[in-house]
Amino acid sequence: MVDRKVLVVDDGMIRQTNAEDTVIVPALTVNDQNFPGADGISNQILRTNGSGTLSWTSEQPMKRLYYSLGRPCILDLTSTDADLKGFTGGFTDGRYGYFVPRNNGSPFGKVARVDLNDFSTVSVLNLASTDADLKGFVGGFTDGRYGYFVPYANGSPQSPFGKVARVDLNDFSTVSVLDLTSTDADLKGFQGGFTDGQYGYFVPFNDGLPFGKVARVDLNDFSTVSVLDLTSTDADLKGFAGGFTDGRYGYFVPCQHGSPFGKVARVDLNDFSTVSVLDLTSTDADLKGFAGGFTDGRYGYFVPYANGSPFGKVARVDLNDFSTVSVLNLASTDADLKGFIGGFTDGWYGYFVPFYNGSPFGKVARVDLNDFSTVSVLDLTSTDADLKGFVGGFTDGWYGYFVPFYNGSPFGKVARVDLNDFSTVSVLDLTSTDADLKGFYGGFTDGRYGYFVPYANESLFGKVARIAMHFGGNF
Numbered sequence: 001m002v003d004r005k006v007l008v009v010d011d012g013m014i015r016q017t018n019a020e021d022t023v024i025v026p027a028l029t030v031n032d033q034n035f036p037g038a039d040g041i042s043n044q045i046l047r048t049n050g051s052g053t054l055s056w057t058s059e060q061p062m063k064r065l066y067y068s069l070g071r072p073c074i075l076d077l078t079s080t081d082a083d084l085k086g087f088t089g090g091f092t093d094g095r096y097g098y099f100v101p102r103n104n105g106s107p108f109g110k111v112a113r114v115d116l117n118d119f120s121t122v123s124v125l126n127l128a129s130t131d132a133d134l135k136g137f138v139g140g141f142t143d144g145r146y147g148y149f150v151p152y153a154n155g156s157p158q159s160p161f162g163k164v165a166r167v168d169l170n171d172f173s174t175v176s177v178l179d180l181t182s183t184d185a186d187l188k189g190f191q192g193g194f195t196d197g198q199y200g201y202f203v204p205f206n207d208g209l210p211f212g213k214v215a216r217v218d219l220n221d222f223s224t225v226s227v228l229d230l231t232s233t234d235a236d237l238k239g240f241a242g243g244f245t246d247g248r249y250g251y252f253v254p255c256q257h258g259s260p261f262g263k264v265a266r267v268d269l270n271d272f273s274t275v276s277v278l279d280l281t282s283t284d285a286d287l288k289g290f291a292g293g294f295t296d297g298r299y300g301y302f303v304p305y306a307n308g309s310p311f312g313k314v315a316r317v318d319l320n321d322f323s324t325v326s327v328l329n330l331a332s333t334d335a336d337l338k339g340f341i342g343g344f345t346d347g348w349y350g351y352f353v354p355f356y357n358g359s360p361f362g363k364v365a366r367v368d369l370n371d372f373s374t375v376s377v378l379d380l381t382s383t384d385a386d387l388k389g390f391v392g393g394f395t396d397g398w399y400g401y402f403v404p405f406y407n408g409s410p411f412g413k414v415a416r417v418d419l420n421d422f423s424t425v426s427v428l429d430l431t432s433t434d435a436d437l438k439g440f441y442g443g444f445t446d447g448r449y450g451y452f453v454p455y456a457n458e459s460l461f462g463k464v465a466r467i468a469m470h471f472g473g474n475f
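No gaps in the numbering here: position 441 of the sequence shown is 441 in the numbering used here, and each next residue is one more.
Since no wrong hints were added, every one of them can be taken at face value.
Computed spacing ranges between beta-carbons, pair by pair: (1) N220 to G308: 39 to 45 Å; (2) T381 to S182: 47 to 53 Å; (3) D379 to F172: 39 to 45 Å; (4) D268 to D171: 31 to 37 Å; (5) G297 to R145: 24 to 30 Å.
Treat the hints as calculated values from the structure; they're not laboratory data.
For glycine and all other residues, C-beta sits at the position ideal for the given N, C-alpha and C.
Turn these sequences into a full structure, and let the hints guide you.
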């Protein structure tokens, strides 16, 4: 076979890498940039002359500047409104951050909007003022114009509900309500959702019992609801924890339907009727009980959490054929690598967020997505013994940030990992700024800052922590 190469971006430079089935083209001009027509030698990079001509060179890229984690800023949402505490998840439209209300002692419905430009202006929108049922959400998403809040349970004891709240992000006052149960009484108790730009998809989890009816909402009119009962295809397709899309298909992550299960449901988003099922346990009986998933465009990766006990087998599914399953047992590299919640990718590697493997732990697993076999381990507790028990993480492209939740008790130390070397760890103890800054549940970034979503620090709390990313310069 011919040794073929493609161009990839690595460490801010364009490099060559081997790839099968790659079309090799002659000299190429793109947007007035002239690429060489001949191959370089191993490990060369492309360099521009500043006038639009690129050529191969063996010179190494410039060393990167490193920045320390600066002092965080704190915004106590309860200073605006005492009810603003107990959020689960958040999202941004680029200008504002929106925090999803779940439970502040009891389910509540006050959305907090924070101006990300000044991190001081807080607006409050009480969804329950529009409809008393609008409280107790888990997750949300935006199509750019509107924010959508995913209904989970609005009663105590748990009472699943199905009213989606849509907020006009332009005025942060106009609230529209769509009661999914008006279409089908079972449409309540969702965990997460996603959009393909035209429709919103709500992930079925538990409506009193595990269920499998996906609700699709036309975001153009916010009234047309379509229902796809996954259990009509397979009775096991119920009790999912999150989902994702590659643009054409939606994938639903199997979690728990009375017991852990491993059947991935793939829905064709073009017709919203064609359902394909891939039973991961047919490949390996351990592949069940996942907590989240992500895609690099070609493959889908399912994050191992607990299949009766914490486990560490990552399932990789080829999204092109939805049949080829590869398994990578992280615990074969290190027995501690099991019990993750959430993961993310920088495009080259996949990172798995350590939570609980029998006890809180702090070993981050990094998987080379090119070969899906090379596993690197970074024990955050080697830097600081407190760095264990994270829930969620995110990247700004250069660094990975791990959200502190519970390491035996709520804690507030953010771990930042340099993704370039996967060895340099910086620690930012949020409690050094404010003792209440611990026990976060997820986070997000707008590219410039990272935001940590407050949940419970022994009791429910509402202080958002913002830290500068220091990505591409010092802010």
